[in-house]
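Residue numbers (numbering that gives the first Met the number 0), protein chains in the order written: chain A, 0 to 230; chain B, 0 to 98.
Treat the hints with care, since some could be wrong.
[Said to hold, decoys possible] Quick list of in silico lysine-lysine cross-link-like pairs, DSBU-like style, CA-CA up to 30 Å:
| no. | chain 1 | residue 1 | chain 2 | residue 2 |
| --- | --- | --- | --- | --- |
| 1 | A | Lys93 | B | Lys29 |
| 2 | A | Lys93 | A | Lys6 |
| 3 | A | Lys92 | A | Lys3 |
| 4 | A | Lys226 | A | Lys177 |
| 5 | A | Lys226 | A | Lys89 |
| 6 | B | Lys29 | A | Lys89 |
| 7 | B | Lys29 | A | Lys179 |
| 8 | A | Lys92 | B | Lys29 |
| 9 | B | Lys29 | A | Lys226 |
| 10 | A | Lys177 | A | Lys89 |
| 11 | A | Lys179 | A | Lys226 |
| 12 | A | Lys92 | A | Lys6 |
| 13 | A | Lys93 | A | Lys177 |
| 14 | A | Lys89 | A | Lys3 |
| 15 | A | Lys226 | A | Lys176 |
| 16 | B | Lys29 | A | Lys176 |
| 17 | A | Lys93 | A | Lys3 |
| 18 | B | Lys29 | A | Lys3 |
Just so you know, these hints were derived from the structure itself, not from any lab.
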Amino acid sequence: MNNKFLKGMSHGIPIALGYFSVSFGFGIKAVMSGLSVAESSVISLTNLTSAGQAAGVDIIAAGGSLLEMIIVQLTINIRYSLMSLSLSQKLDKKFTMPHRLLASYGITDEIFAVCSAQTGLLTPAYMYGMIFIAAVGWVLGTFLGASAGEFLPQSISSAMGIVLYGMFLAIIIPPAKKEKSVLFVISLAALLSIIFYYFIDSVSAGFAMIISAIISAAAGAFFFPVKEIKN
Amino acid sequence: MSIGIYIAVMAGVTYIIRMIPLTFFTKKIKSEFVRSFLHYIPYAVLSAMTLPAIFYSTGNTITSAVGTLVAVLLAYFGCPLIVVALAASLAAVITGNFI
Chain A
0 MNNKFLKGMS
10 HGIPIALGYF
20 SVSFGFGIKA
30 VMSGLSVAES
40 SVISLTNLTS
50 AGQAAGVDII
60 AAGGSLLEMI
70 IVQLTINIRY
80 SLMSLSLSQK
90 LDKKFTMPHR
100 LLASYGITDE
110 IFAVCSAQTG
120 LLTPAYMYGM
130 IFIAAVGWVL
140 GTFLGASAGE
150 FLPQSISSAM
160 GIVLYGMFLA
170 IIIPPAKKEK
180 SVLFVISLAA
190 LLSIIFYYFI
200 DSVSAGFAMI
210 ISAIISAAAG
220 AFFFPVKEIK
230 N
Chain B
0 MSIGIYIAVM
10 AGVTYIIRMI
20 PLTFFTKKIK
30 SEFVRSFLHY
40 IPYAVLSAMT
50 LPAIFYSTGN
60 TITSAVGTLV
70 AVLLAYFGCP
80 LIVVALAASL
90 AAVITGNFI
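Extracted from the complex, chain A is given alone in its bound form (with noise of 0.2 Å):
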């Protein structure tokens, strides 16, 4: 164990400990959805992503088609393709290819938002390290979610149903606060899939949120186009 994997990893800790609280919620959510303690902790495994799985979590248990797991986790998860180009761009020489098909599975917002903040270039074994800690916390999270979630009070396992949606709102809430453009956006987004959820009930859960998510990203962009994307 080499002292860039530590370094990587105690870079990590932090996210660890976020991603355990709401991994915690998500294997909550995904028992509750009908899903088994095994199931819900192979999601979180393969998939390290938590707007992805709890969307597809919910296609599950409504018996959706594999088109719609598909297109929802393409639309919510194609910011990562942005992160990914983003990083390419700062990766050392060590880097070959099957170094960076490894370290593709870990892109994640928040492991982005460190990498990126480094100075210099990114070496495999600071990347793994830091993924490394971050999935430990993620898959633990998840599992003893599900596992006490069946034995947790009901008040307080059917509270935790809200963890993951608390974080969304801290993400979306802050950056909302200082731009009009990302307000406008969050803000025809949530009346579109309210118009949805009220109104037209012939639409899926899954493709109303991505046609509300789609219209509104596509409003921000013609009225607020981004001349530089920061990091």
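Following the hints, put chain B in place on chain A, whose structure we already have.
Below, chain B alone, put in the same frame as chain A:
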């Protein structure tokens, strides 16, 4: 349909999205509209996912609404993600004991 197939599709799509740019793309996206669209997509997705679902997230509209209010306030004042997420849940638990 088997849950295993759903999980494989979820994981596969998510991995490919992360893998393709990191391994193959080297050029920057030029279209300002596409770059702006991709910039706004995460916010739009999270907002559409959260509303109105958050009001049903605890199985009780009142505890959900109190949790949501706490989350909005703490997020507005810039608290860390983890604090906002846990406080929302705690507020829902506490409210649940009073109703």
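Status of the hints after comparison with the structure:
1. Restraint check for A:Lys93 and B:Lys29: satisfied, since their Cα atoms lie roughly 28 Å apart, inside the 30 Å limit.
2. For a cut-off of 30 Å, the pair hint linking A:Lys93 to A:Lys6 stands: about 17 Å separates their Cα positions.
3. Of the supplied pair hints, the one linking A:Lys92 and A:Lys3 holds, its CA atoms being roughly 15 Å apart against a limit of 30 Å.
4. A threshold of 30 Å between alpha carbons decides the hint, and for A:Lys226 with A:Lys177 the separation of about 17 Å falls inside it, so the pair holds.
5. Between A:Lys226 and A:Lys89 the CA atoms are separated by roughly 21 Å; this keeps the pair inside 30 Å, and the hint holds.
6. Taken as a hint, the B:Lys29 and A:Lys89 pair is honoured in the structure, with Cα atoms around 19 Å apart against an allowance of 30 Å.
7. For the suggested pair B:Lys29 and A:Lys179, the alpha carbons sit about 24 Å apart, so the restraint of at most 30 Å is met.
8. At most 30 Å may separate the alpha-carbon atoms for a hinted pair to count; A:Lys92 and B:Lys29 meet this at roughly 25 Å.
9. Annotation: proposed proximity of B:Lys29 to A:Lys226 holds, straight-line Cα distance about 11 Å (limit 30 Å).
10. Restraint check for A:Lys177 and A:Lys89: satisfied, since their Cα atoms lie roughly 28 Å apart, inside the 30 Å limit.
11. At roughly 15 Å between alpha-carbon atoms, A:Lys179 and A:Lys226 fall within 30 Å of each other, so this suggested pair holds.
12. In summary, the hint linking A:Lys92 to A:Lys6 is supported, as the alpha carbons are separated by about 19 Å, within the 30 Å threshold.
13. At roughly 39 Å between alpha-carbon atoms, A:Lys93 and A:Lys177 are farther apart than 30 Å, so this suggested pair is violated.
14. For the hint pairing A:Lys89 with A:Lys3, the CA-to-CA distance comes to about 16 Å; that is within 30 Å, so the pair holds.
15. With a C-alpha separation of about 20 Å, the suggested pair A:Lys226 and A:Lys176 falls inside the 30 Å cut-off, and the hint holds.
16. Taken as a hint, the B:Lys29 and A:Lys176 pair is honoured in the structure, with Cα atoms around 28 Å apart against an allowance of 30 Å.
17. Taking the CA atoms of A:Lys93 and A:Lys3, the gap is about 13 Å. The hint holds against a cut of 30 Å.
18. A distance of roughly 35 Å separates the Cα atoms of B:Lys29 and A:Lys3; the hinted pair therefore is violated under the 30 Å criterion.
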